[in-house]
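A.B. asks: Sequence:
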Amino acid sequence: MTPFLKQVATHYMAEGSNVSRLCFIFPNRRSLAFFKKYLCEEVRCLGCPVVAPAMYTVNDFFSRISDLKVSDRVDLILELYDCYKVLYPKAESLDEFVGWGDIILGDFDDVDKYLSDPEKLFTNVADFKAIQDSLSYLTPVQREAISRFISHFRPEVRKSFKGGEIDVKENFLQIWNILLPLYRSFRSALVSKGKAYEGMLYRSIAESVREKPVADVLAGVFPETVRFVFVGLNALNECERTLMKKMRDAGLAEFCWDYSSEMVRDPGNKSSFFMAANVQEFPQSFEYDPEGLTAPEIEVVSVPSSVGQAKLLPSILKDDTYAVVIPDESLLLPVLNSIPAHIEDINVTMGFPMKDSAFYGFLSLVLAMQMHLRTKGDEVLFYHGQVWSIFASGIFKHLIRNDAEAQAAVKAVREGHRYYIPEADLRKGPVMDLLFRIAVRDPKSNDASQIHDICLYLKRLIAGIAPLMAGDEAHAVEVEFAKAAYSAIGRLQTRNLGIFPATFFKLLGQLLQPVAVPFNGEPLKGLQVMGPLETRALDFTNLVILSCNEGMFPRRSVSSSFIPPELRKAFGLPTYEYQDAVWAYYFYRLIQRAQKVTLVYDSRTEGLKGGEESRYIKQLEYHYGLPLKRMFANSKVGGDVSDRPVIKTKEDLEILHKRNLSASALKEYLDCPAMFYYDKVKGLKPSDEVSEDLDAGMVGNVFHKTMCDLYSQYKSADDRVTAVSLKSILSGRDAIKGRVRANILSELNSSEVSGRDLVAEEVITEYVVKTVSRDLELLTEGGFDSFGIIGLEKMYIGTMEGFSFIGFIDRLDSFRPGEIRIVDYKTGKVGKDDVEITDANAGDVADKLFGSVSKNRPKIALQLFLYDYLVRKSGQFSGSRIVNSIYSPVTLAVEPVKEVPLSGEFLRLAEDGVRQLLREISSLETGEWKRTEDTEICKNCDFRMICGR
0 MTPFLKQVAT HYMAEGSNVS RLCFIFPNRR SLAFFKKYLC EEVRCLGCPV VAPAMYTVND
60 FFSRISDLKV SDRVDLILEL YDCYKVLYPK AESLDEFVGW GDIILGDFDD VDKYLSDPEK
120 LFTNVADFKA IQDSLSYLTP VQREAISRFI SHFRPEVRKS FKGGEIDVKE NFLQIWNILL
180 PLYRSFRSAL VSKGKAYEGM LYRSIAESVR EKPVADVLAG VFPETVRFVF VGLNALNECE
240 RTLMKKMRDA GLAEFCWDYS SEMVRDPGNK SSFFMAANVQ EFPQSFEYDP EGLTAPEIEV
300 VSVPSSVGQA KLLPSILKDD TYAVVIPDES LLLPVLNSIP AHIEDINVTM GFPMKDSAFY
360 GFLSLVLAMQ MHLRTKGDEV LFYHGQVWSI FASGIFKHLI RNDAEAQAAV KAVREGHRYY
420 IPEADLRKGP VMDLLFRIAV RDPKSNDASQ IHDICLYLKR LIAGIAPLMA GDEAHAVEVE
480 FAKAAYSAIG RLQTRNLGIF PATFFKLLGQ LLQPVAVPFN GEPLKGLQVM GPLETRALDF
540 TNLVILSCNE GMFPRRSVSS SFIPPELRKA FGLPTYEYQD AVWAYYFYRL IQRAQKVTLV
600 YDSRTEGLKG GEESRYIKQL EYHYGLPLKR MFANSKVGGD VSDRPVIKTK EDLEILHKRN
660 LSASALKEYL DCPAMFYYDK VKGLKPSDEV SEDLDAGMVG NVFHKTMCDL YSQYKSADDR
720 VTAVSLKSIL SGRDAIKGRV RANILSELNS SEVSGRDLVA EEVITEYVVK TVSRDLELLT
780 EGGFDSFGII GLEKMYIGTM EGFSFIGFID RLDSFRPGEI RIVDYKTGKV GKDDVEITDA
840 NAGDVADKLF GSVSKNRPKI ALQLFLYDYL VRKSGQFSGS RIVNSIYSPV TLAVEPVKEV
900 PLSGEFLRLA EDGVRQLLRE ISSLETGEWK RTEDTEICKN CDFRMICGR
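Under numbering that gives the first Met the number 0, think of the first position of the sequence shown as 0, with each following residue one higher.
Wrong hints could be hidden among the right ones.
[As the list claims (entries may be wrong)] Here are the simulated lysine to aspartate or glutamate pairs, DMTMM-like style, with alpha carbons at most 20 Å apart:
1. 245 - 210
2. 872 - 911
3. 194 - 101
[Said to hold, decoys possible] Cβ-Cβ distance ranges computed for the label pairs, FRET-style:
4. 463 - 730: 54 to 62 Å
5. 266 - 442: 52 to 60 Å
6. 68 - 437: 33 to 41 Å
7. 757 - 191: 54 to 62 Å
8. 437 - 798: 49 to 57 Å
No lab work stands behind these hints, which were simulated from the structure alone.
We put the CB at the ideal spot given by N, CA and C, even for glycine.
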């Protein structure tokens with residue numbers, strides 16, 4: 000196989016020293032570098048020195064000819080907005096304009112690059128009556144497109160659209176009234192400052208060669224050049240086409256098109272969509288050697304993972320003669336980390352994009368943190384979500400690795416589990432002092448002074464942390480990104496922008512996302528790693544193309560536009576079909592000289608990813624009938640997932656005998672002994688996290704605490720609860736709600752109640768009111784003047800079979816002499832088997848309680864038994880009748896309080912069952928802590944990752 004660029008170099012070196020007076024134009028820098036390599040090889044064979052010819056990319060070639068300088072995207076948007084405000088005094092704020100201003104820039108760029116007539120495209124009725132009379136050319140489809148287009152505009156701009164020709168013209172032209180003067184004034188403003196957007200620069204050159212001879216235009220810039228050779232271009236815009244026509248007609252240009260293989264030239268293949276016309280309009284300068292254009296050997300590999308595609312490379316890459324093409328930029332680092340050690344020479348042409356860097360991720364977290372902080376008086380509070388995310392950042396961990404004060408502060412904040420964290424708790428050590436400061440005082444303010452303060456905050460932060468990363472080679476790339484960010488922030492700061500913080504962050508992102516750090520490597524030898532755009536005009540013997548998924552290669556990218564698709568097509572602007580043809584050419588040209596091609600795709604169906612292989616794979620197989628070798632990669636999940644027994648030891652039992660067990664511990668053992676082991680023996684606990692909202696358990700905690708608060712003043716024997724005191728509590732609903740709110744804030748460790756928690760606050764308040772109301776009913780209906788509170792959240796400890804048990808009783812009270820009530824508040828579900836227990840059904844309830852099926856286990860009945868047992872064993876109420884009372888707020892609105900005098904038969908059966916259970920736990924003969932057979936329990940188990948189930 001003779002590479003296309005080598006054939007071009009060989010052909011033109013035949014002219015000997017005359018090659019020095021040529022100028023070669025390429026699609027990108029990578030193809031230019033390879034051409035230079037092949038040219039050097041030809042010079043070496045020639046045996047005498049030759050002055051190198053001029054070589055440019057097509058973008059650099061146009062920039063060299065023009066006196067204008069292309070500005071960055073943000074600078075252009077701000078300039079466009081200034082022009083817009085002059086034309087439209089009632090203009091919306093810059094914050095609103097930024098989004099659709101970027102779309103206008105894209106449309107203006109297309110209009111100029113494709114030399115569309117802006118007068119006709121953006122015309123209005125008053126100035127161009129001819130267009131007013133010619134709107135009849137619109138088809139019904141085009142009218143429907145315009146109708147949809149109009150629907151996106153503001154009501155004061157939009158009028159009713161009925162579908163008739165008159166309405167089409169009036170609405171369509173009114174909307175576009177401002178676009179033509181905006182286009183004119185914007186271009187004028189840029190020209191006056193020597194600036195341009197790329198399309199404007201291109202158009203200026205195309206128009207200049209129409210007005211005067213192209214030889215004169217080029218002579219001043221390229222005085223020594225006699226011919227210009229365009230090499231390997233493909234999709235031409237009209238500006239490029241115009242310049243090339245003029246140069247062709249003047250005898251100044253020659254053209255080398257890579258349009259060789261049968262697949263690329265196939266009229267049924269979209270890759271020939273524009274190339275056939277290019278070759279006909281600009282004839283080839285010479286015929287290429289057809290060597291190496293046989294169909295390649297093609298392997299298609301399905302991998303059910305994105306990163307797994309990169310991990311497959313060691314089994315594919317035999318040596319450094321391969322090129323790895325990465326359509327998905329996010330796979331660049333996984334690919335570099337997967338290249339086998341025996342491949343030493345590597346060249347990465349893509350550059351590492353800032354948007355995929357650790358520094359960009361860290362900066363995004365910092366900006367998000369600033370947008371979510373709160374102020375309460377003079378106190379600044381940081382939202383826990385962003386703070387904890389920053390703590391988890393690799394960059395943050397690196398920055399405080401030697402700062403004991405900061406590390407202690409991080410530990411304290413994590414253990415505090417506060418919803419909002421005070422600034423004083425975070426400003427510990429130099430890094431955290433820089434980081435946790437308020438910059439966004441008001442997210443809804445577009446005060447320019449606030450943007451200035453944000454810029455100062457970010458610049459100080461970057462200036463403070465960059466030196467801490469500079470000494471570490473692992474963070475060398477991040478330091479480069481920090482420098483780029485500092486520069487971009489400084490540029491925005493000079494504009495004195497009066498915008499919302501969110502808009503500022505968006506503009507900053509637009510400046511930073513295109514930034515990429517190039518990798519050092521040998522550009523002309525070894526393994527080549529590149530994106531699809533870098534492959535233009537290059538040929539490789541062995542190819543590996545990753546992410547060959549539909550939507551990724553070809554890329555499904557349709558830019559937003561104010562110009563409906565039908566009108567884009569009518570005025571010669573690029574459409575989806577055009578982009579589709581460009582990608583098809585990239586693919587088929589790339590594989591035409593390869594000997595072996597490996598196409599890898601991600602077969603997962605997940606979210607918006609359909610796991611569908613690229614249409615190119617199907618075309619190769621069904622349209623061209625190539626024999627594809629298909630393979631499917633899979634791997635076993637790492638780690639030991641075997642059900643190895645969890646051995647019970649004497650040490651385990653010694654630990655258990657030193658601990659207090661509870662009813663929930665017994666239920667845990669009944670559900671799964673292995674779960675009981677990890678929890679009660681090993682003492683493992685899931686990592687605590689700050690709750691965003693009240694969950695079911697937290698609702699119960701708030702309800703319990705509020706009831707305890709209300710009745711705590713009646714705990715003394717002389718201060719009993721009367722009907723008057725209960726009515727007094729009920730009359731103060733706002734006071735009840737205040738206690739509920741205070742307990743919610745305590746439970747969430749937060750400074751405010753918001754969102755769904757406001758609903759929970761109302762629900763819990765109603766629970767409390769209904770509970771107190773039921774107590775009042777018990778007093779009045781029972782004819783009692785008062786009842787006594789014996790204990791609230793009262794703790795009892797007892798022993799059974801050598802084990803210690805503990806229970807916390809929500810409320811212990813007495814309405815009747817000689818009767819003690821054990822009150823249990825239950826905000827969750829209460830089943831019949833938990834409360835309706837008689838001597839007749841005691842056996843059935845006990846069987847369910849100690850059976851192997853967890854789903855219907857009467858766990859409340861187990862808890863009530865244990866409470867009764869502990870109270871009786873305490874000897875505190877000898878001779879008194881003990882009654883269990885269940886307060887279920889969910890049902891108190893329709894049912895009275897459930898009083899459950901547990902049957903003697905159930906108490907006997909339950910005690911026998913528990914004792915037998917404890918003897919089983921104590922026995923080493925069982926040999927292990929068995930795993931449950933009910934896999935439903937495993938789904939919600941905190942220990943499923945270490946259990947092996």
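A.B. asks: Given a hinted range of 33 to 41 Å, is it respected by the beta-carbon distance of residue 68 and residue 437?
C.D. replies: For residue 437 against residue 68, whose Cβ atoms are near 39 Å apart, the range 33 to 41 Å holds.
A.B. asks: Residue 463 and residue 730, beta-carbon distance inside 54 to 62 Å?
C.D. replies: Holds, at about 58 Å.
A.B. asks: Measure nothing beyond the straight line between the CA atoms of residue 245 and residue 210; if it is 20 Å or shorter, mark the hint as holding.
C.D. replies: Status holds; Cα separation ~11 Å.
A.B. asks: Decide if the proposed pair is consistent with the structure: residue 872 and residue 911, CA atoms, cutoff 20 Å inclusive.
C.D. replies: holds (16 Å)
A.B. asks: Quickly compare the C-alpha distance for residue 194 and residue 101 to 20 Å and report which way the hint goes.
C.D. replies: holds (17 Å)
A.B. asks: Please check whether residue 437 and residue 798 have a Cβ separation lying inside 49 to 57 Å.
C.D. replies: Because 56 Å falls inside the window, the suggested range holds.
A.B. asks: For the range 54 to 62 Å, tell me whether the beta carbons of residue 757 and residue 191 fit it or not.
C.D. replies: Given about 56 Å between the Cβ atoms, the range holds.
A.B. asks: Quick check on a hinted range of 52 to 60 Å for residue 266 and residue 442, using CB atoms only.
C.D. replies: holds (57 Å)
When held up to the earlier numbered hints, the structure conflicts with none and fits them all.
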